[in-house]
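So in UniProt numbering the end of the sequence shown lands on 249, straight run, no missing numbers.
Incorrect hints may appear among the rest.
Cross-link-like lysine-lysine pairs, in silico, BS3-like; alpha carbons within 25 Å at most [to be verified]:
no., residue 1, residue 2
1, K122, K84
2, K183, K193
3, K83, K112
4, K22, K84
5, K32, K112
6, K5, K22
7, K230, K193
Please keep in mind that the hints were generated in silico from the structure rather than gathered at the bench. Everything numeric in this text was worked out from a predicted model, so none of it was measured.
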Amino acid sequence: MNDDKESFILFTEREGFDENQKIMSELYPFSKAAHSLLELCCYHGAVDCFKILRSKYNSEITIICLRFSFLSGNPEIMSECLKKHKPDQDCMFFAICSHNIDFVTFLVNEYKLEIDLEQCVKLHNLQAFLVYLDLTNQINTCFVYSPSFHIPSLCECFLNNGADINSKEYYGKTALHYAAESKEIVELLLLHKIDINTKDMFGRSAFNYAAAKDCKEVIQILISNGADEKINGYIRPIARDFAHHGMNL
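Please take these sequences and the hints and turn them into a complete structure.
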């Protein structure tokens, strides 16, 4: 983890050391899989320990090594891994995780890998999100997801550049669904006349999402603007009470 070369050498010289041992831990991605020592070096960016395992034991560079190298970001490790494997879409996932936009653009330009927009949102990687927009010009799709970054001016920028206020993503959600935790963005979208009662493919409206997350101020705003108060799906008890009674929050 700390790339302590001296301590690692002593560790490898202990009686019974197994260079092929594998470690399973919930601390690491793919936690149900056991990882080799070399893979863990790639995860932590431990380049000196990586070199020892390669030179002394010829430890195998796996595709997992390459994927982890995009997360840790050590250029020497990544370079060695790229000699053995071609990056796949999981490498892009870890590049987005790392928030290193150079890795993301490298994978796009050199290996024609695609940026997953939902991953950008879930991992709060605004730079990768904007690169996706620049590459695809999918302004409506990006607009739908934009409230997830909790930046009202970002949403407004999309609208000022022609985004359709009622655009939907694959599951039928609009920007209002994704804004369910942001009072300011909900108010902005309502100001631009977004359809307040649009339901996704599961029959859930923005009101349902706000109620499920106990977003009291948003619930109040939606109700006051004519939202259908029908409950659809699991709602936490306190939110259900607010929703049914329409009380002042």
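Hint check:
1. A distance of roughly 30 Å separates the Cα atoms of K122 and K84; the hinted pair therefore is violated under the 25 Å criterion.
2. As the CA atoms of K183 and K193 are separated by approximately 15 Å, the hinted pair is consistent with the 25 Å bound.
3. Taking the CA atoms of K83 and K112, the gap is near 18 Å; set against the 25 Å cutoff, the hint holds.
4. For the hint pairing K22 with K84, the CA-to-CA distance comes to about 21 Å; that is within 25 Å, so the pair holds.
5. Among the hinted pairs, K32 with K112 is inconsistent with the structure: their alpha-carbon atoms are about 29 Å apart, more than 25 Å.
6. Pair hint K5 plus K22 holds up; C-alpha atoms about 20 Å apart against a cutoff of 25 Å.
7. For the proposed pair K230 and K193, the alpha carbon gap of about 21 Å is at most 25 Å, so the pair holds.
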